[in-house]
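If you're matching them up, the sequences are chains A and B in order.
Under this note's numbering, think of the first position of the first sequence as 1378, with each following residue one higher.
Under this note's numbering, think of the first position of the second sequence as 1378, with each following residue one higher.
These are calculated hints, taken from the structure and not from any lab test.
Predicted model only: the values in this text are computed from it and were never measured.
Where hints are given, some of them may not hold.
Repeated chains share a single entry, so a pair holds when one copy, or any two copies, can fit it.
[To be verified] Below are the BS3-like pairs computed for lysine-lysine, each with C-alpha atoms no more than 25 Å apart in a straight line: (1) K1451 - K1596; (2) K1430 - K1596; (3) K1390 - K1561; (4) K1557 - K1596; (5) K1379 - K1390; (6) K1422 - K1441; (7) K1380 - K1561; (8) K1448 - K1380; (9) K1438 - K1379; (10) K1450 - K1379; (11) K1678 - K1451; (12) K1446 - K1628; (13) K1557 - K1603; (14) K1553 - K1380; (15) K1379 - K1561; (16) K1596 - K1404; (17) K1596 - K1450; (18) K1441 - K1557; (19) K1441 - K1615.
There are 2 protein chains.
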Amino acid sequence: MKKIGEQTFELEKDVCVVSRCSLVGSKEGDGPLKDYFDFIETDDKMGEKTFEKGERQMFLKTIKSAIEKSKIKKENIDLYVGGDLMNQLVSSNYVASELELCFLGLYNACATMTESLIVGSTFLDSGGATNVLCATGSHFSTAERQYRYPLEFGNQRQSYAQWTVTGVGATLLSNKISSKVKVKRFAIGKVTDFGVSDIANMGAAMAPAAMETICAFFKDTGTNQKDYDLIATGDLGKLGSDILKDLMLEKGYDIETNYIDCGHMIFNIDQDTLQGGSGAGCSASVLNSYILSKMETGELKRVLLISTGALMSTTTNQQGDSIPCIAHLVMFEGE
Amino acid sequence: MKKIGEQTFELEKDVCVVSRCSLVGSKEGDGPLKDYFDFIETDDKMGEKTFEKGERQMFLKTIKSAIEKSKIKKENIDLYVGGDLMNQLVSSNYVASELELCFLGLYNACATMTESLIVGSTFLDSGGATNVLCATGSHFSTAERQYRYPLEFGNQRQSYAQWTVTGVGATLLSNKISSKVKVKRFAIGKVTDFGVSDIANMGAAMAPAAMETICAFFKDTGTNQKDYDLIATGDLGKLGSDILKDLMLEKGYDIETNYIDCGHMIFNIDQDTLQGGSGAGCSASVLNSYILSKMETGELKRVLLISTGALMSTTTNQQGDSIPCIAHLVMFEGE
């Protein structure tokens, strides 16, 4: 691996997307991307007694399907990297226990999917690992009661709030098995804090982090928005992505024509999700459905995915802290 | 990097411990390792209004001192990897925001220190990074109120319980600057669940995870306990380490003579910490004081550190789940 500039790393080995799988809940399954998901689940407890146990089943179903599609035997997967939004990453921990794979738990909130791809790609580039499984997810009902209010309370949401995506995305990467889509470069984010302390307004809090990582990557690589077919942020939502477009324009990059936000596009405007989706499962499920399928068909060739994470907790919020945010960028290249 | 056997990886580049720093609270500073720590803090709020904000100051003081000792300029540190016990890793997030370094948040509970060394070493071995900062920590008072009871409640502790260490450890690794102590190999743990569901009895829950990782490493490398000057587990405590010794003996490895547990040795028996210390700061502070100083003087040459983590949350416990555990092993070699 080679470092380019301040925050960007370029892989020297071929790190290929061998297989992928996405699973979402019924609300996401009613949205504009419904035809791209592998599984749409109508029971968000997956037959279990609690949402938390249901979330684990969603992970297991997605991961097992990704492994099956790859034709790689489970015992040949060297490493499982990933996380979720639950305190102590418990969904991933129980899933790792079931899978009996070597496991590294990661947490950068909704940026955990790109974080996983970064750590996975580094293990593959180093030559230590041959096949690495990257998976992250989130669940509306487990996140809602952990971060906000019990569902039964029926609180009103602010007009600028977002909706945690119920969904899981799994990507199997390999440096041995060839495929059409490769991870070429990535940029690791720095934590930025612009002083936003309203936890309902995460799009506004995260937009500057996305801007900083994208600009650092453009500077490090000597490229700009025109060099990519698609620039996708993780889950800024409508408001956050409007802010990002403005911020990028101020920096001299007009991303209007080839920019999408996974959170903005996963729901329709009439689905009452306000600014759109968020959560570790948002960019994970959109990457592993819509984005990678368009790359596999050759419709998209050079793609940047920038997952964004808001790194607060209920405690820091209660203690009056502002929201530190991070964004990691992964550059994919197709044939 | 080269994979050996099932769970072990061997570094091909020299990954050196350039500098290190440890900071602990006053209780740890009264314990048997007091002469080894860089800083012993008598104010566990570090002049801040809350324990949580104090924890961040502990991280910052430790990390800044490690960077200063290394003589590496902050802008030449490519990456900061680490985590803590707080929900959403908020201590590390705010610290990363202050430090303005590229950041990857990791969580494997009390095994996060070895997890950080593993991810950091992989970035260094791949050649992408030159200098990586690894830091983890924990704080008795923030952990107690998050995981158990408010301190004011004054609950009685079970005789087999442990005491979360107030402490932080930071290690600066480099593939460019040479030093006496190197990371040579590591083994990534699998999540194991032996059905223990008593969250006060973490030593018993974690001992099998430590046993499995150590045995996998011995098998993968064709070595045994006699090949190492010291085998140190993270925080099994007295009871947990007694269980581990028995489990290892059953597997044919008698580790009685060269085995210590960081949690067991950080407190004196008369300090009312029951089975001893635990927490992400336990193996982090003991590694970056006692263990590495003995390696630097040449007293210890080949050392295995196996941090152990109990991966439950208050929610999984309330829902009756057992405790999944993990242990990651890092092998250091001195001159």
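Hints versus structure:
For the homomeric pair K1451 and K1596, the shortest alpha-carbon distance between copies (20 Å) is at most 25 Å, but the shortest distance inside one copy (40 Å) is not. Neither within a single protomer nor between protomers do K1430 and K1596 lie at most 25 Å apart by alpha-carbon distance, with minima of 44 Å and 35 Å respectively. In the homo-oligomer, the alpha carbons of K1390 and K1561 lie at most 25 Å apart both inside one protomer (9 Å) and across protomers (23 Å), since each shortest distance falls under that limit. Proximity of K1557 to K1596 under the C-alpha cut-off of 25 Å is found in neither arrangement, the shortest distances being 27 Å within a copy and 37 Å between copies.
When the C-alpha separation of K1379 and K1390 is checked against a cutoff of 25 Å, the pair qualifies both within a copy, at 11 Å, and between copies, at 14 Å. For a Cα distance limit of 25 Å, the shortest separation of K1422 from K1441 inside one copy, 18 Å, qualifies, whereas the shortest one across copies, 46 Å, does not. Taking the closest pair of Cα atoms, K1380 and K1561 come within 25 Å of each other both inside a single copy (12 Å) and across two copies (23 Å). For the homomeric pair K1448 and K1380, the shortest alpha-carbon distance between copies (21 Å) is at most 25 Å, but the shortest distance inside one copy (33 Å) is not.
Taking identical chains as interchangeable, the C-alpha atoms of K1438 and K1379 are never at most 25 Å apart, the minima being 36 Å within one chain and 31 Å between chains. Only between protomers do K1450 and K1379 lie at most 25 Å apart by alpha-carbon distance; the minimum there is 20 Å, versus 31 Å within a single protomer. Taking identical chains as interchangeable, the C-alpha atoms of K1678 and K1451 are never at most 25 Å apart, the minima being 30 Å within one chain and 37 Å between chains. When the C-alpha separation of K1446 and K1628 is checked against a cutoff of 25 Å, the pair qualifies neither within a copy, at 42 Å, nor between copies, at 38 Å.
With identical chains, the CA atoms of K1557 and K1603 are at most 25 Å apart within one copy only, with a shortest distance of 22 Å there and 48 Å across copies. Taking the shortest Cα distances, K1553 and K1380 sit within 25 Å of each other both inside one copy (23 Å) and across copies (14 Å). When the C-alpha separation of K1379 and K1561 is checked against a cutoff of 25 Å, the pair qualifies both within a copy, at 11 Å, and between copies, at 22 Å. Neither within a single protomer nor between protomers do K1596 and K1404 lie at most 25 Å apart by alpha-carbon distance, with minima of 39 Å and 48 Å respectively.
In the homo-oligomer, the alpha carbons of K1596 and K1450 lie at most 25 Å apart only across protomers (22 Å), although the nearest pairing inside one protomer, at 41 Å, exceeds that limit. Taking identical chains as interchangeable, the C-alpha atoms of K1441 and K1557 lie at most 25 Å apart only when both belong to the same chain, with a minimum of 22 Å there against 44 Å between chains. Taking the shortest Cα distances, K1441 and K1615 never come within 25 Å of each other, neither inside one copy (33 Å) nor across copies (39 Å).
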